[in-house]
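Q: Keeping their order, the protein sequence lines are chains A and B.
Number 123 in our numbering belongs to position 123 of the first sequence; there are no gaps in the numbering.
Number 385 in our numbering belongs to position 177 of the second sequence; there are no gaps in the numbering.
Honestly, the hints are just simulated from the structure, not real lab data.
Careful, some of the hints might be misleading.
As the list claims (entries may be wrong) - Under the rule of at most 27 angstroms between Cα atoms (straight-line distance), these lysine-lysine pairs were calculated in the BS3-like manner:
| hint | chain 1 | residue 1 | chain 2 | residue 2 |
| --- | --- | --- | --- | --- |
| 1 | B | K384 | B | K363 |
| 2 | A | K88 | B | K363 |
| 3 | A | K88 | B | K269 |
| 4 | B | K355 | A | K96 |
| 5 | A | K96 | B | K269 |
| 6 | B | K355 | A | K36 |
| 7 | A | K88 | B | K341 |
| 8 | A | K36 | B | K250 |
| 9 | B | K250 | A | K88 |
| 10 | B | K253 | A | K96 |
| 11 | B | K341 | A | K36 |
| 12 | A | K36 | B | K269 |
| 13 | B | K250 | B | K390 |
| 14 | B | K341 | A | K96 |
| 15 | A | K96 | B | K390 |
| 16 | A | K96 | B | K410 |
| 17 | A | K96 | B | K250 |
| 18 | A | K96 | A | K36 |
| 19 | A | K36 | B | K390 |
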Amino acid sequence: MPNVKKLIIEPLRKTNPVTVLVLGICSCLAVTAQLKPALVMGASVTVVTAFSNLIISLLRKGIPSRIRIIVQLVVVATLVILIDQFLKAFAYNVSKQLSVYVGLIITNCIIMGRLEAFALSHGSWESFLDGLGNGLGYSLILVIVAFFRELFGSGTLLGYPIIPSSFYEAGYQNNGLMILPPMALIVVGIIIWIQRTRNPEMQENNQK
Amino acid sequence: MKKDINSNRYIFLYATVLIVIVAVLLTVTALWLQPFQDRNQKNEKRINILKAAGIQDVNAKNAAWLFEKHCTAEFLLDENGNPTEDDGLPVFVIDRQTSVIPMQGNGLWGPIWGYIAIAADGKTIVGVTFDHKSETPGLGGEITTEKFQGQFAGKQIMDNGSTIPIEFDAITGATKTSNGVKEMIDNTLEKYSAYLKKIAEKGE
Numbered sequence: 001m002p003n004v005k006k007l008i009i010e011p012l013r014k015t016n017p018v019t020v021l022v023l024g025i026c027s028c029l030a031v032t033a034q035l036k037p038a039l040v041m042g043a044s045v046t047v048v049t050a051f052s053n054l055i056i057s058l059l060r061k062g063i064p065s066r067i068r069i070i071v072q073l074v075v076v077a078t079l080v081i082l083i084d085q086f087l088k089a090f091a092y093n094v095s096k097q098l099s100v101y102v103g104l105i106i107t108n109c110i111i112m113g114r115l116e117a118f119a120l121s122h123g124s125w126e127s128f129l130d131g132l133g134n135g136l137g138y139s140l141i142l143v144i145v146a147f148f149r150e151l152f153g154s155g156t157l158l159g160y161p162i163i164p165s166s167f168y169e170a171g172y173q174n175n176g177l178m179i180l181p182p183m184a185l186i187v188v189g190i191i192i193w194i195q196r197t198r199n200p201e202m203q204e205n206n207q208k
Numbered sequence: 209m210k211k212d213i214n215s216n217r218y219i220f221l222y223a224t225v226l227i228v229i230v231a232v233l234l235t236v237t238a239l240w241l242q243p244f245q246d247r248n249q250k251n252e253k254r255i256n257i258l259k260a261a262g263i264q265d266v267n268a269k270n271a272a273w274l275f276e277k278h279c280t281a282e283f284l285l286d287e288n289g290n291p292t293e294d295d296g297l298p299v300f301v302i303d304r305q306t307s308v309i310p311m312q313g314n315g316l317w318g319p320i321w322g323y324i325a326i327a328a329d330g331k332t333i334v335g336v337t338f339d340h341k342s343e344t345p346g347l348g349g350e351i352t353t354e355k356f357q358g359q360f361a362g363k364q365i366m367d368n369g370s371t372i373p374i375e376f377d378a379i380t381g382a383t384k385t386s387n388g389v390k391e392m393i394d395n396t397l398e399k400y401s402a403y404l405k406k407i408a409e410k411g412e
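Generate coordinates for the entire structure from the input sequences, incorporating the hints supplied.
A: Written out as structure tokens, the structure is:
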């Protein structure tokens, strides 16, 4: 099925929610200081987008259009609360690190954006895949940013030291700026730059 | 009869049914997961107490066992520093000598809390742990790092039988959180000064 492939692969590249649609930047800054919370955040957002897309798509014929935003919010909020409760019960340390950002998944523009733009007008299987694809696209950027921030900011990956101690003895120092939020923005900016340079068709023509 | 999905009647019915389903779902999950969450919180507390008292390599798995082994007494104090039955100030005694005292205060965005461990002489800090709910990661959030907490060990808190204000290196860019930490420690020690005086006399 070419359709499946398109729905999953496209959001990783040409319609990436972070680098092309520039949605979900706030949480991208907050949880990417280390790789582990970034992975968990990516997984949580993917689960929420996929299932909220699925549920809204199943309900789409019965949702009165006047209260559709409220219905969407209720569904998303419920899923987020469930994830928060599960994390608190089974992954306490991670839930402490993510703290308020789990609650902020509700306001992640990617989710509402996909519900409005896709799930309300497409079948349930397609919507599920679209949510999965967009969640993965978001996770991909999160993981790339977190990889560089943790490697250069703390010299570790997933908490394990990567940069050998002989480097530190020779005078190497971790870059403290990498830990701070502005660096996430800069890394995202660099990713967008690389992506646009490699895909000239994405560039707006400002000459006209 | 054709169903009109934009009639007021349908909208009210739809909203009501949706809310009831969601409410039931959330209640069931919350009740089911409550014991797991409580256990995690309890472990977290034990880990922080043991870490403040300088016990190494505590994790969620061995916390309950280590706490059982090291915590030799746990009691409440009245205003004069004597053990009491009812409401009072809690103290945890680790290995018969270190007193670990819980602290509560305010950071910039929300509550901060922690534990301070005092040696048997009643005036030397063995160690501290801090935690926070919503301080900014990288700034106020740094109070949870070992780098920040490490500087407290060995500091003196008593001079001539009364508590003295604590002094430490604040975090650059997190003045309010650092002030909150100072206030929290000073207030807590003042409340416990009667008890600290007592153990100091006993220690000498």
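Q: Confirm or reject each hint.
A: Now the hints, each set against the structure:
Our distance criterion of 27 angstroms between C-alpha atoms is met by K384 of chain B and K363 of chain B, whose separation comes to about 22 angstroms. Our distance criterion of 27 angstroms between C-alpha atoms is broken by K88 of chain A and K363 of chain B, whose separation comes to about 35 angstroms. This hinted pair checks out: K88 of chain A and K269 of chain B have alpha carbons roughly 16 angstroms apart, not beyond 27 angstroms. Distance check on the hinted pair: K355 of chain B and K96 of chain A sit about 19 angstroms apart at the alpha-carbon level, within 27 angstroms; holds.
With a CA separation close to 17 angstroms, the supplied pair K96 of chain A and K269 of chain B stays within the 27 angstroms bound. For the suggested pair K355 of chain B and K36 of chain A, the alpha carbons sit about 21 angstroms apart, so the restraint of at most 27 angstroms is met. Among the hinted pairs, K88 of chain A with K341 of chain B is consistent with the structure: their alpha-carbon atoms are about 14 angstroms apart, no more than 27 angstroms. Note on K36 of chain A and K250 of chain B: the hinted pairing holds, with a Cα-Cα distance of about 24 angstroms set against a maximum of 27 angstroms.
Taking the CA atoms of K250 of chain B and K88 of chain A, the gap is about 13 angstroms. The hint holds against a cut of 27 angstroms. For a cut-off of 27 angstroms, the pair hint linking K253 of chain B to K96 of chain A stands: about 13 angstroms separates their Cα positions. For the given pair, K341 of chain B sits about 19 angstroms from K36 of chain A by alpha-carbon distance, which is consistent with the 27 angstroms threshold. Between K36 of chain A and K269 of chain B the CA atoms are separated by roughly 20 angstroms; this keeps the pair inside 27 angstroms, and the hint holds.
For the suggested pair K250 of chain B and K390 of chain B, the alpha carbons sit about 26 angstroms apart, so the restraint of at most 27 angstroms is met. Between K341 of chain B and K96 of chain A the alpha-carbon distance is near 8 angstroms, which keeps this suggested pair within the 27 angstroms criterion. With a CA separation close to 23 angstroms, the supplied pair K96 of chain A and K390 of chain B stays within the 27 angstroms bound. The hinted pair formed by K96 of chain A and K410 of chain B fails the criterion: a straight-line CA distance of about 40 angstroms is larger than 27 angstroms.
With a C-alpha separation of about 14 angstroms, the suggested pairing of K96 of chain A with K250 of chain B holds against the 27 angstroms cut-off. For the proposed pair K96 of chain A and K36 of chain A, the alpha carbon gap of about 12 angstroms is at most 27 angstroms, so the pair holds. Restraint check: the Cα-Cα separation between K36 of chain A and K390 of chain B comes to about 32 angstroms, which exceeds 27 angstroms; the hinted pair is violated.
Against the hints set out earlier in the document, violations occur for numbers 2, 16, 19.
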